[in-house]
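Engineer: Below are the chains, spelled out letter by letter.
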Amino acid sequence: MSFKGTETYIASNELQVAVNAAIHLEKPLLVKGEPGTGKTLLAHEIANSLGKKLITWHIKSTTKAQQGLYEYDAVSRLRDSQLGNDKVHDIANYIVKGKLWEAFDSEESVVLLIDEIDKADIEFPNDLLLELDKMEFYCYETQETVIAKKRPIIIITSNNEKELPDAFLRRCLFHFIRFPEEEQMKQIVDVHHPGLKEEMLNRALSEFYRLRKVNGIKKRPSTSELVDWISLILRDDLLKDEPEDGKRKLPPHLGSLIKNEQDLMLLERMFS
Amino acid sequence: MFLQLFYALKHEGIPVSLREYLTLLEAVKAGLGETVDDFYSLARTILIKHEEHLDRFDSIFSQYVAGSMKLSPTDLSKIQEEWLKYVTENNLTDEEKAMIEAMGGLEELAKRFQELMEEQQERHQGGSKWIGTAGTSPFGANGYNPAGYRIGQSGSRNRSAVKVWDKREFKDLSDKEELNTRNLKMALRRLRVFTRQGHEEELDLDKTIKNTSKNAGFLQIEMVPERKNNVKVLMLFDIGGTMDDHIDLCSKLFSAAKYEFKHLEFYYFHNCLYERLWKENRRRFNNISPTFDVMNKFNDDYRLIIVGDASMSPWEILHPGGSVEHNNPESGLVWMDRITKKFKHHVWINPNPKDMWEYSESTRILKQCVNDRMFPLTMEGLSSAMQMLKTSNKRSTNVSNSEERFG
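Those sequence lines, one after another, are chains A and B. All residue numbers for the first sequence refer to this note's numbering, where the first residue is 1 and numbers rise by one. All residue numbers for the second sequence refer to this note's numbering, where the first residue is 1001 and numbers rise by one.
Rather than coming from a laboratory, the hints here were simulated on the basis of the structure. A couple of the hints might just be wrong.
The calculated lysine to aspartate or glutamate pairs, modelled on DMTMM-like cross-linking and capped at a C-alpha distance of 20 Å, are [stated by the list, open to error]:
| hint | chain 1 | residue 1 | chain 2 | residue 2 |
| --- | --- | --- | --- | --- |
| 1 | B | Lys1297 | A | Glu261 |
| 2 | B | Lys1252 | A | Glu116 |
| 3 | B | Lys1262 | A | Asp118 |
| 4 | B | Lys1258 | A | Glu225 |
| 5 | A | Lys134 | B | Glu1026 |
| 6 | B | Lys1258 | A | Glu261 |
| 7 | A | Lys218 | B | Asp1204 |
| 8 | A | Lys119 | B | Asp1204 |
| 9 | B | Lys1279 | A | Glu261 |
| 10 | B | Lys1232 | A | Glu261 |
| 11 | B | Lys1258 | A | Glu7 |
| 12 | B | Lys1029 | A | Glu163 |
| 13 | A | Lys60 | A | Asp118 |
| 14 | B | Lys1258 | A | Glu26 |
| 15 | B | Lys1262 | A | Glu199 |
| 16 | A | Lys219 | B | Glu1201 |
| 17 | B | Lys1297 | A | Asp263 |
| 18 | A | Lys60 | B | Glu1201 |
| 19 | A | Lys64 | B | Asp1248 |
| 20 | B | Lys1262 | A | Asp121 |
| 21 | A | Lys119 | B | Glu1051 |
| 22 | B | Lys1232 | A | Asp127 |
| 23 | B | Lys1262 | A | Glu116 |
| 24 | B | Lys1262 | B | Asp1204 |
| 25 | A | Lys64 | B | Glu1280 |
| 26 | B | Lys1342 | B | Asp1248 |
| 27 | B | Lys1228 | A | Asp127 |
| 28 | B | Lys1262 | A | Asp166 |
| 29 | B | Lys1262 | A | Glu163 |
| 30 | A | Lys64 | B | Glu1201 |
| 31 | A | Lys32 | B | Asp1301 |
| 32 | B | Lys1232 | A | Asp166 |
| 33 | A | Lys60 | B | Asp1301 |
| 34 | A | Lys218 | B | Glu1265 |
| 35 | A | Lys97 | B | Glu1051 |
So, partial list: chain B residues that the calculated Cβ filter (under 8 Å) puts toward chain A [said to hold, decoys possible]:
| hint | residue |
| --- | --- |
| 36 | Pro1015 |
| 37 | Leu1018 |
| 38 | Leu1032 |
| 39 | Ser1041 |
| 40 | Ile1046 |
C-beta: ideal position from N, C-alpha, C; glycine also.
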C-alpha cells in the first residue's frame, strides 16, 4: 500500500516518501506549507488513491479536543428525564461520537484529516497526545476504552498561526510542502488544464512567478490561485499577445491572484 | 550507522529524541529509504518538526552525506558495518590493513574523516587530500569525484540528490532560536484576561439551578459564553546596535509571546521610538510602517510592551534629528509621550540589569517616559510587568462586568 500521487494531484518525491512513512509507521503526518499548496487536498487524494473513506475534522477556534472523541449531551438527557422517556436510563444514548471515535470505530482503516489544527486553542494538541499516540481513549460516561480497530491514516494540516507543543510534534511525522518550481508547476497546471498551449503556459507562469517575486507582497499567490487564474484567462482567451507598447502591464484578472487590498494597491503603483 | 547524523543534529541544537531515531530505524528497516533521495526525505520527515530547522537539517545532511559518500559511492542504506568489513578484507593488502588497525580501525578512520569534513569550510577540499596522504583507506582510490554525489538520482524528473539539500531553500525560515521558553511562557501567562464573549456554549450551573427552582422544578437551561483569553498585545522591539548583546534573550521572549498571546502584533525600532517602525529588519529602510499608522490601527485596549535596553545618547531622545539612523523631525520624547498616552497599559522591558539603569541618563529619561513602568528582563521582572499591564487595565477599560481576572 503506497501513495504515488494521483491523476489530479502531483506529489513530489519527498511528499510521497513522507506519506508512505506515515502509512507504514502508523503515525500522524503533520503537513505545513504556504496556503494554497494543497495541504488539505492531500488527504482527499490519499483517500482517493488508496480507495479509503475520508473522515474530515475541521478545526475552529472554538473546537475542543473532547469534541473529536465524544460529547455527552447532558441537556437532552435532563429534558428526557422530565418527559419520562425510557431512553434516559442508558447513558450511552446521550453520547455523541466525534470524528476520532468514528475513525477508530471503522472496520476498514480510513484516512482522517484534522484540518488546520493551529486554529484551535493552545492546549488543543496537548489534549490529543495519548489519543494520537496509542490510538485509543477512555469514555468516562460509559466506562469503556475505545481502541482503534484499524489504525487510521491521520493527516494534520497547520497554517502556522500558532506553534504546536513539542510533545505533540514528537508524535507526528512532519512535512513542509515546498512551493513548486516551474517544472513541477507545469505538471500541476497540466493536470488541471490539459492541452494548454506551451507558449501560453510559459507566459502565464512567468507572469505568475514575477508577481510572487514582488517585494513586500503580503499574501503571495499560490498554486490554487494560479489554477483558478488560468481557467479565467482561458475562458476569456486573454494573454495571447505581448503588450504592444512593450510596457509591463498588470496581468488580467488580477483579483483572482491577489487577494489583499494593500497588495493590489502596491502592484498598481508599481506597474502604473 | 545513522547515529552520526542523529548526534550531529542534536549537536546543532535541533530537538531530536531517541524516539524519533528509533522511528527512523524502523522505517529504514521496512525499506522506506532505499535511495539517498528517499532517505533524505524520510529522515527529514521523521527527525524534523519545525520548518525553521529545515535549513540546518539540509546543511547537516549534506555534510553527513559528503562524509558517508566518500566511503563509497553507494546508497546510504547499504552502508553497513559488515559491508565495510567486506570491502576492507577484499580490497586491501595486509600492509594497508595493518595501517588501518594502527589508526584505530576502520570505524575510527571513518569518524576522523567525518570530523575533517565538518571542520573544513569548503566541502570538497582537504578531506580528499587527507585521504590521499594517508593512503590507507579503501575509498582513497575513488578520490574526490563530483559525480559521486549524484548517486541515487533516478530519472530526469527528480533533482539530483545533493542538489536538493545543498540549495538550502529553507534558509528564510531558519531562526537560530532554542524553544526552551517555558519559563517565559509561564510568566507571560499572568497576562491572561479572560472574558466571556460570543456564543453561549457553556452550561451555567448556578443560574440553571436557580431558574429551575423558580420554575417550580421544571428544567430551565441557562448558558453562558466560554471563558477565553482575549488579551491583545502590541510589542515593539529595539533591534541592532547595543541590543545585539541581548538578541538571544529577546528572541526567546518573542517566541514565548507568540505562543501565549493570540492577538500579538510586533514591530521593530532602533534605540528610541520615532515616526517609523518596521516589521522586517532586513527591509527596515524600504518597508516601514509609520508610527502614526500603527497607533491608529490598534485600539487602546492593546497592551503595549516595549523591549529595549534604553542605552543611547540622551540627544537621541531629547532632540529632533537626534536619531542615529535618519533625520527625525520630532524628538523621541514626543513620540514616547504620544504612544504612552495612546496605549494606557504599557510597560518597558529592559534586558540590562536593573542596577545599571541609574548610571545611564537615557534609561532614566525613558523610565520617566513610561511612568516608571520599566522592568528588567528576568522572570521576576517579567511577572511584575505582566501584573502591571493587567492591573492598569482595571481603571481604563469598560469591558462589561463579565470580565474576570485570574492571577
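Engineer: Are the hints correct? Go through all of them and say.
Structural biologist: Right, here's what the structure says about each hint:
| no. | hint | result |
| --- | --- | --- |
| 1 | B/Lys1297 - A/Glu261 | holds, 16 Å |
| 2 | B/Lys1252 - A/Glu116 | violated, 25 Å |
| 3 | B/Lys1262 - A/Asp118 | holds, 11 Å |
| 4 | B/Lys1258 - A/Glu225 | violated, 29 Å |
| 5 | A/Lys134 - B/Glu1026 | holds, 17 Å |
| 6 | B/Lys1258 - A/Glu261 | violated, 26 Å |
| 7 | A/Lys218 - B/Asp1204 | violated, 43 Å |
| 8 | A/Lys119 - B/Asp1204 | violated, 26 Å |
| 9 | B/Lys1279 - A/Glu261 | holds, 18 Å |
| 10 | B/Lys1232 - A/Glu261 | violated, 24 Å |
| 11 | B/Lys1258 - A/Glu7 | violated, 40 Å |
| 12 | B/Lys1029 - A/Glu163 | violated, 32 Å |
| 13 | A/Lys60 - A/Asp118 | holds, 9 Å |
| 14 | B/Lys1258 - A/Glu26 | violated, 31 Å |
| 15 | B/Lys1262 - A/Glu199 | violated, 47 Å |
| 16 | A/Lys219 - B/Glu1201 | violated, 34 Å |
| 17 | B/Lys1297 - A/Asp263 | holds, 18 Å |
| 18 | A/Lys60 - B/Glu1201 | holds, 14 Å |
| 19 | A/Lys64 - B/Asp1248 | violated, 34 Å |
| 20 | B/Lys1262 - A/Asp121 | holds, 9 Å |
| 21 | A/Lys119 - B/Glu1051 | holds, 18 Å |
| 22 | B/Lys1232 - A/Asp127 | violated, 25 Å |
| 23 | B/Lys1262 - A/Glu116 | holds, 16 Å |
| 24 | B/Lys1262 - B/Asp1204 | violated, 26 Å |
| 25 | A/Lys64 - B/Glu1280 | violated, 34 Å |
| 26 | B/Lys1342 - B/Asp1248 | violated, 30 Å |
| 27 | B/Lys1228 - A/Asp127 | holds, 17 Å |
| 28 | B/Lys1262 - A/Asp166 | holds, 19 Å |
| 29 | B/Lys1262 - A/Glu163 | holds, 11 Å |
| 30 | A/Lys64 - B/Glu1201 | holds, 12 Å |
| 31 | A/Lys32 - B/Asp1301 | violated, 33 Å |
| 32 | B/Lys1232 - A/Asp166 | violated, 25 Å |
| 33 | A/Lys60 - B/Asp1301 | violated, 25 Å |
| 34 | A/Lys218 - B/Glu1265 | holds, 15 Å |
| 35 | A/Lys97 - B/Glu1051 | violated, 34 Å |
| 36 | Pro1015 | holds, 6 Å |
| 37 | Leu1018 | violated, 10 Å |
| 38 | Leu1032 | holds, 5 Å |
| 39 | Ser1041 | holds, 4 Å |
| 40 | Ile1046 | holds, 6 Å |
This entry does not satisfy hints 2, 4, 6, 7, 8, 10, 11, 12, 14, 15, 16, 19, 22, 24, 25, 26, 31, 32, 33, 35 and 37, going by the numbered hints stated previously.
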